[in-house]
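Student: Sequence:
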Amino acid sequence: MESFKMLGEKELSELPTEELKEYTLKLTRYARMLEKTAYTDPLTGLRNRHALEHDLKEFKKKERTSKDKEKTHAFLIVDVDNFKGVNDNYGHGTGDHILRRLAGALEKNTRVSRGQDRVYEGRSYRWGGDEFAVLLVDINPEDVPYIAKRIVNGIKSQAEKSVKALERLWRMKGYEPSDTERNLLNDIRNVSVSIGVTLFEEQYKDVFRRADEALYKVKQKGKNGYHIA
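Numbering (the working numbering), first residue to last: 12 to 240.
Because the hints were derived from the structure by calculation, they are not lab data.
Treat the hints with caution; some may be incorrect.
Distance condition first, Cα-Cα at most 25 Å in a straight line; then the derived SDA-like pairs of lysine to any residue [as the list claims (entries may be wrong)]:
1. Lys160 x Asn93
2. Lys175 x Gly165
3. Lys68 x Ala114
This structure is a prediction, so every number in the text was calculated from the model and none was measured.
Work the whole structure out from these sequences, hints included.
Tutor: Printed below as a string of structure tokens:
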């Protein structure tokens, strides 16, 4: 991180006007950098759990119009299925690489256009471990299942693409993979996500608990799907 020396009141008062302007600009940039670091997950580059809690508080302050009130908000917990085995069998380096790829797929599949007034820029977060979260603000309720299903299918597609890319590379190089490497491909193929979804309006107090309960129901039904509480 870039270092920055904070000046005291006396030092600031002695600065020439141009130097004071330059100092102010540097201070602003440094503050933004600190905020980004505090709210960013270092592994995936997604916003982190602190950022999610901040965003929830911020949009609660926003005054909603009558048109906004026809819409709702959605919170999604996205849990990566069968991921513990990947970390246990192949190490955290492999697991981290897969998480980064899944994070990219998650961001891609939460940006959705379903018409002129139905363009959604879902906010994706690293919830912790092998869990992610998505916040959908001012969304038509009927579009929530579409986006949840899109995420489920998009993650599955990304897992399959990763496997095929590695197989293609091995063929090009004439490489014969070991049994362990073949097992890794099968485990990546089995990666999917379970999503617990809850809808809410102004009050978001219980959204984490409700989404977690919805996620549990997906796991009970066999994973690789979603449930809306």
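Student: All hints are to be evaluated individually against the structure, with a verdict given for each.
Tutor: Okay, the hints, checked on the actual structure:
Proximity of lysine 160 to asparagine 93 is assessed by CA-CA distance (about 19 Å); at most 25 Å being required, the pair is judged to hold. Taken as a hint, the lysine 175 and glycine 165 pair is honoured in the structure, with Cα atoms around 15 Å apart against an allowance of 25 Å. Proximity of lysine 68 to alanine 114 is assessed by CA-CA distance (about 24 Å); at most 25 Å being required, the pair is judged to hold.
Violation of the numbered hints given earlier is absent; every hint is satisfied by the structure.
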